[in-house]
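Undergrad: For reference, the chains in residue letters:
2 protein chains.
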Amino acid sequence: MPRLNSFYLPPDLWPSAVGEHVVLEGQEARHMGTVLRTEPDQTVRLFDGHGHVGFFTVRDAGKRRALLEVVRLKESSAPANGITLAIGWGKSKRRNYLLEKTVELKGLGVVFWQATRSQGVVPAEPKDTWTDKSIQAAKQCGAAFLPELKTLPGGIDSLISMADEYDNRIVAWESDEVATFLSPSMLSSGHTLVVIGPEGGFEDTEARKLVEADFVPVTFGHSILRWETAAAYCLSLAMFGTQESS
Amino acid sequence: MPRLNSFYLPPDLWPSAVGEHVVLEGQEARHMGTVLRTEPDQTVRLFDGHGHVGFFTVRDAGKRRALLEVVRLKESSAPANGITLAIGWGKSKRRNYLLEKTVELKGLGVVFWQATRSQGVVPAEPKDTWTDKSIQAAKQCGAAFLPELKTLPGGIDSLISMADEYDNRIVAWESDEVATFLSPSMLSSGHTLVVIGPEGGFEDTEARKLVEADFVPVTFGHSILRWETAAAYCLSLAMFGTQESS
Chain A
45 MPRLNSFYLP PDLWPSAVGE HVVLEGQEAR HMGTVLRTEP DQTVRLFDGH
95 GHVGFFTVRD AGKRRALLEV VRLKESSAPA NGITLAIGWG KSKRRNYLLE
145 KTVELKGLGV VFWQATRSQG VVPAEPKDTW TDKSIQAAKQ CGAAFLPELK
195 TLPGGIDSLI SMADEYDNRI VAWESDEVAT FLSPSMLSSG HTLVVIGPEG
245 GFEDTEARKL VEADFVPVTF GHSILRWETA AAYCLSLAMF GTQESS
Chain B
45 MPRLNSFYLP PDLWPSAVGE HVVLEGQEAR HMGTVLRTEP DQTVRLFDGH
95 GHVGFFTVRD AGKRRALLEV VRLKESSAPA NGITLAIGWG KSKRRNYLLE
145 KTVELKGLGV VFWQATRSQG VVPAEPKDTW TDKSIQAAKQ CGAAFLPELK
195 TLPGGIDSLI SMADEYDNRI VAWESDEVAT FLSPSMLSSG HTLVVIGPEG
245 GFEDTEARKL VEADFVPVTF GHSILRWETA AAYCLSLAMF GTQESS
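Protein chains in written order, with the numbering used here: chain A, 45 to 290; chain B, 45 to 290.
Since the hints were made in silico from the structure, they are not lab data. All figures in this text were calculated on a predicted structure; none of them were measured in a lab. The reader is advised that the hints may include incorrect statements.
Identical copies look the same in the list; a pair holds intra-copy or inter-copy alike.
When the alpha-carbon atoms are kept at most 20 Å apart in a straight line, the in silico SDA-like pairs for lysine to any residue are as follows [as the list claims (entries may be wrong)]:
id: 1; residue 1: 194; residue 2: 168
id: 2; residue 1: 194; residue 2: 106
id: 3; residue 1: 177; residue 2: 271
id: 4; residue 1: 183; residue 2: 223
id: 5; residue 1: 253; residue 2: 67
id: 6; residue 1: 183; residue 2: 271
id: 7; residue 1: 194; residue 2: 163
id: 8; residue 1: 135; residue 2: 160
id: 9; residue 1: 194; residue 2: 54
id: 10; residue 1: 194; residue 2: 175
id: 11; residue 1: 135; residue 2: 184
id: 12; residue 1: 177; residue 2: 138
id: 13; residue 1: 183; residue 2: 243
id: 14; residue 1: 137; residue 2: 232
id: 15; residue 1: 118; residue 2: 267
id: 16; residue 1: 194; residue 2: 50
id: 17; residue 1: 137; residue 2: 108
With the sequences and hints as input, model every part of the structure.
TA: In structure tokens:
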């Protein structure tokens, strides 16, 4: 079967049984009707980013609104193992890339935290455009889950406070004091929070506070990685590590 | 010591002893004089992309030409372990990203090969702009080596012919027949050639020819990775694998 076109349907609109109808609106409907010129009776794939995926028959595809009928529904349980990246906020042009790679490499979440060396101020809430970027990436790679996006305006202390909910806590700190390499096996089991600094790196006191709060300090080795490369590196090791254990 | 500004000096101009003078020209000289407004007596870092790194005192920095005196020279031997990515050619806007990540994640080389599903025709020779991109990335991350860049207009058969020079040969083939996950340990020892398809994937016959030629088929797992994400994933596992073994 050729790959079906994918569209995003928000979780609160997700249907519960075969034969039900759903309505697609906004940019997903435009994409279906105007960009892809989808015709009635075609089959498409819908997903809600929370593990629900379904096949639907198009009943009507207008420019702003599409009507679809459920053919088959699947539900995946949330992955038990994976990482959330807590990465220092920055005005990076590379943020979209980071979000895209997080989806493709199966990251469970991204937290943008306000670091001392952050350029600019992290927004109080994640932007809708970030979610849109994640949705586009999920359509491309067939992911059933979208990473959870958060912002943390409160700095290092609020990062430490929120860390209790994770099974493992790691800080990627480029320091001569740190000799442990980040490894896939450290990321293979449970939900791990991996903290990365902003583009200018941690202030020394920030990294020390994390280590005092029992975050395990690790290094990536001898290369100086850019912000989004550090993220892709962690995500790659985690994807490998969780596959090994699954 | 704060990080020194880095500049690229081609290998054929590399000096052999302290006290010698070298001349920087072209865009590196412009970068030094005009962009960074480097003054006489400042110390800078030069590298040749072949393992030579040195510290130099600026004697004169004009807009098109700079004169520098050798203060200290270092030489690293070429890494024994690492990967060369042979990736299907495409007109990708993401090629620069791929080159940048190859440098940061210590890839030894990139070969763009003409695949059946390649969009467009691979150039007969690597473009100077690709080398420039690698140089910029190496300046950023402090790499002493630039990846070797090649193009292979001859398709899958020429790829198989050139593979003899590598210690290990791997093909990343997304197929139900392939159950082995690519792992860091497969990439940790010797110089490994990792073949990745073009953006549309391998033709089945291409992948089969590689497997018949004793390339080890591997999968990345269950995620559908974009062209440049597949590359970053391989490079990340290889960087981890070679660090473990070093």
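Undergrad: Look at each hint and say if it fits the structure.
TA: We went through each hint and held it up to the structure:
In this assembly of identical chains, residue 194 and residue 168 lie within 20 Å of each other by CA distance solely inside one copy; the values are 9 Å within and 47 Å between copies. Proximity of residue 194 to residue 106 under the C-alpha cut-off of 20 Å is found in neither arrangement, the shortest distances being 34 Å within a copy and 48 Å between copies. Taking the shortest alpha-carbon separations for residue 177 and residue 271, both the intra-copy value of 18 Å and the inter-copy value of 18 Å come in at or below 20 Å. For the identical chains of this complex, residue 183 and residue 223 are neighbours neither inside a copy (39 Å) nor across copies (25 Å), given an alpha-carbon limit of 20 Å.
With identical chains, the CA atoms of residue 253 and residue 67 are never at most 20 Å apart, being 49 Å at best within one copy and 47 Å at best between copies. For a Cα distance limit of 20 Å, the shortest separation of residue 183 from residue 271 across copies, 15 Å, qualifies, whereas the shortest one inside one copy, 25 Å, does not. Taking the shortest Cα distances, residue 194 and residue 163 sit within 20 Å of each other inside one copy (18 Å), while across copies they are farther apart (38 Å). Proximity of residue 135 and residue 160 under a CA criterion of 20 Å is satisfied intra-copy only: 14 Å inside one chain copy versus 40 Å between copies.
Only within a single protomer do residue 194 and residue 54 lie at most 20 Å apart by alpha-carbon distance; the minimum there is 18 Å, versus 46 Å between protomers. Within a single copy, residue 194 and residue 175 get their C-alpha atoms as close as 11 Å, which meets the 20 Å cut-off; across copies the closest is 38 Å, which misses it. For the identical chains of this complex, residue 135 and residue 184 are inter-copy neighbours only, at 18 Å across copies versus 25 Å inside a copy, given an alpha-carbon limit of 20 Å. Proximity of residue 177 and residue 138 under a CA criterion of 20 Å is satisfied in both settings, with 12 Å inside one chain copy and 17 Å between copies.
With identical chains, the CA atoms of residue 183 and residue 243 are at most 20 Å apart between copies only, with a shortest distance of 16 Å across copies and 29 Å within one. With identical chains, the CA atoms of residue 137 and residue 232 are never at most 20 Å apart, being 30 Å at best within one copy and 33 Å at best between copies. In this assembly of identical chains, the alpha carbons of residue 118 and residue 267 lie at most 20 Å apart only when taken from different copies (17 Å versus 43 Å within one copy). In this homomeric assembly, residue 194 and residue 50 never come within 20 Å of each other (Cα to Cα): the closest approach is 25 Å inside a single copy and 37 Å across copies.
For a Cα distance limit of 20 Å, the shortest separation of residue 137 from residue 108 qualifies neither inside one copy, at 31 Å, nor across copies, at 30 Å.
Hints 2, 4, 5, 14, 16, 17 from the earlier list are contradicted by this structure; the remaining hints agree with it.
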